[in-house]
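**Student:** Chain by chain, the residues:
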Amino acid sequence: MRGNRDLALISASAVACALLAIVVPWEGLRLVAALPLAFVLPGYAIVAAAFGPRRLDLTQSIMLSLGCSLAVLCLGALVLNYVPGGIQTASWAILLAIVAAAASGVAALHRPEEGEAEEAPPVPRRHHLRRVDILCGVVVVVLAAGAVGLANTPLPAGGASGYTTLWILPAGSADRAVRLGVSSSEQGVKNYILTLRVGGGPKRTLSRFALSPGDEHVFTVPTPISPDESTLVSGMLFRESNPVTAIRKVRTWLPPVGH
Amino acid sequence: MTAALCAGVGLVICSIANALSRETVDSPQLLYWAGVSLIVVPTIFRLCLEAPSTRERFALVALLAVSLYTVKVIRDPFLFTFPDEPIHAFNANQIVQTHHLFNGNAILPITSDFPGLGSATSALMTLTGMSSFVTGTILIGVARLTFALALFLLFSRISGSPRIAGLGVAIYAANSNFLSWGTQYAYESLSLPLLVVVLAALAEREHASPYWERSWAAPIVLGISAIVVTHHLTSYALVGLLVVLAIVFQLTRSPRRNPWPFALFALVASLGWLFVVASSTVGYLSPVLVEAFKDTIRTASGEVAPRTLFHSSSGSVIAETPLLARVISLAAVGLLGVGFLAGIRPTWRRRFEEPMTVLFCLGALGFFGALALRFAPAAWETGNRAGEFFFIGLAFVVTSGAVLLLRPGERLRMRRTLLVVAVGVSVVGGAITGWPWDSQLARPLRITADGRVVESESLELAHWASLHPPEGTLASLNSDSRLLLSVGNAEAKTDATNGIERILEGRKLQPWMLPELHRVGVRYVVADRRIVSNDNVRGYFFAEHGSGVDSLLPLAAMRKFARLPVGRIYDSGHIVVYDLRDRR
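Protein chains in written order, with the working numbering: chain A, 1 to 259; chain B, 1001 to 1584.
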């Protein structure tokens, strides 16, 4: 099919990108395949099908390819919602590849043989990129990547107020135990005392420990359960420097045996 | 290339300013605005020159759109923190998890009925295996690029001048939503670019030979369909635009083909979607619009005091907008007004040869009307959102006036410099107006302490909920709910709709409160003592010593739940989670 090299390339690329997205496990590589499959190929093919023998100029072609591809993405899930399996990797990949290939096929049917185009495409003036342009482009990309990289780097923030978290959850109905978690988001290492009280029993110290920022300790504590009524389990967290005033309090009720 | 290099350096400066802000260092704002100016001004300067080719102008507007979008990405590099973003991220996550659309949304149910954004995001999520944050960020970036390119083609076709087109896109960047609100991961950020694509395609169709007119129908119909399933207001705005355009074609007796078939298609498609799929839209939009209308009347008649400009309604402000920023912001509006006065006549004069210019003139007038809505407390948001649409017309009209300064003659260099400065001030002023001053820069959300990474209290709660999925619905205030939804993947209700706000913020537990929580299916209550937790712009970040975000609700607001015989399963100081099912 002479004069349709672009369409053949679009179809082949769509199929290749779809396969890569389905088969390859690495996110980065899948992204490289997904970007043209999602944002360029379906739109380009639809525009080619709509305009048949007419070649648009570059600016029109870029705008329409992006716009039509976005429209296909917005509408695609409405179709996939009603196919078996629904919205999944394979269904999206196949849908986008089919749209690109089918539209390319329609475009090929409407295009005359090379040299018979009803409206000759404007011949673009070739702009040769100079080395300095390429170098500048690379520098800009590096600067932008550096800016985003810096934005992604967590930094110390002396003015931010740190905090400590205490939580309690039943460890599972069969286990008759609770889990208590303590995590530190403080600005430095802190020492803690964790106490536990089960039902009407005495308060007992579960642990004395230190936590660095970002650390979490989880304690699984077996608890005797009343056969008749719910058992209240309470946890309290103290700073080691002040074992009188609890800084965090949690409680939960464990259901009676057989509940 | 100089413009591109400056944009790159500008991005680095913006990133440094954000880094200083995250480190809670005082006032890196000047540095930030210097960075934004470095991105904007060289590009505007280049667009004002005669020398660049059409392709170079095309590349310059692409550069402007992408670099200004990157400024937003630098602010939020790993988590959505704009008000609507977590809501839409949750929708996309749900689509990928359930493999189906229309999963509902506890915070903003209407968003689930317009699944265009979720659909597009789900495509990228499933194809790449990446998160809704990464794929959503890429998607909106591509949409912003498409927007700028489509606007360039639209203006280029209507004006017949790539120079006006390029400058027009730069002036559109003076729209107050361009740098912040319009870049958020939300359905309008995707539908607005599609609307401009449709308008650009319509303009191209008008100028095409009759044989090729039909070819343009395919992208136009595809674009309209996508808008209808993506965003309610954009689809209704599109119907309005197309109907007005069809009428203008009739009135001006334009020899070109009237676009009424597209107006009819858009009307039928929008109504069909409204009645068949998204019938709740009426109940969602009508109270907002009716209240905006009533409040405008009340404000105009002096019945209620006008809203104070540059003042947050949430009351949780870290820093007031300084005087200089206010002056720049007001100067931007003044400059747009001058541009409007200069451009309206030459634009209106072309109505017979280019009927779309009538739309632009109406849009420009509408912008100033929408600006007045900012004084009405309940209408400012409506005015703010409408401004994005009206600004398309205003940008064209202002550009038509602005290019008068670039006519050959004496003191051209001075006039050009004046224009570059004016557009630069308009863009910076618009950005200042568009987002609270104290929230322009990133706040500490994920920091290092002793070399280890720790996260803010709200974010920690959301991560905890994702690791220990709650067995029921949570009730919480605005910012907590949004993170619970998007990061915690938990069902979280918020807002005043079910009285949740009153329940969580009240000092006493009223007799109706627990039955109401039970009625709406809430099992967990997230009591957050930070006043800022009900602020969907500022509530996600670390509390900071001695700042406005440290303000707390009365202790009684928390203790009212502590007295109940219910579980208290999570306590991080300011945030406590109660399990209502644990009642004995």
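Worth double-checking, as some hints may not be accurate.
Claimed, not checked - Interface residues of chain B toward chain A, partial, derived using beta-carbon atoms under 10 Å:
no., residue
1, ARG1022
2, SER1067
3, THR1070
4, THR1121
5, ALA1237
6, GLY1240
7, SER1439
8, LEU1445
No wet-lab data here; the hints were simulated from the structure.
Note that CB positions come from ideal geometry on N, CA and C, so glycine has one too.
**Student:** Hint by hint, note whether the structure agrees.
**Tutor:** Against the structure, the hints:
| no. | hint | verdict |
| --- | --- | --- |
| 1 | ARG1022 | holds (5 Å) |
| 2 | SER1067 | holds (8 Å) |
| 3 | THR1070 | holds (6 Å) |
| 4 | THR1121 | holds (8 Å) |
| 5 | ALA1237 | violated (17 Å) |
| 6 | GLY1240 | violated (20 Å) |
| 7 | SER1439 | violated (16 Å) |
| 8 | LEU1445 | holds (9 Å) |
Hint check: violations occur at hints 5, 6 and 7; the rest are consistent with the structure.
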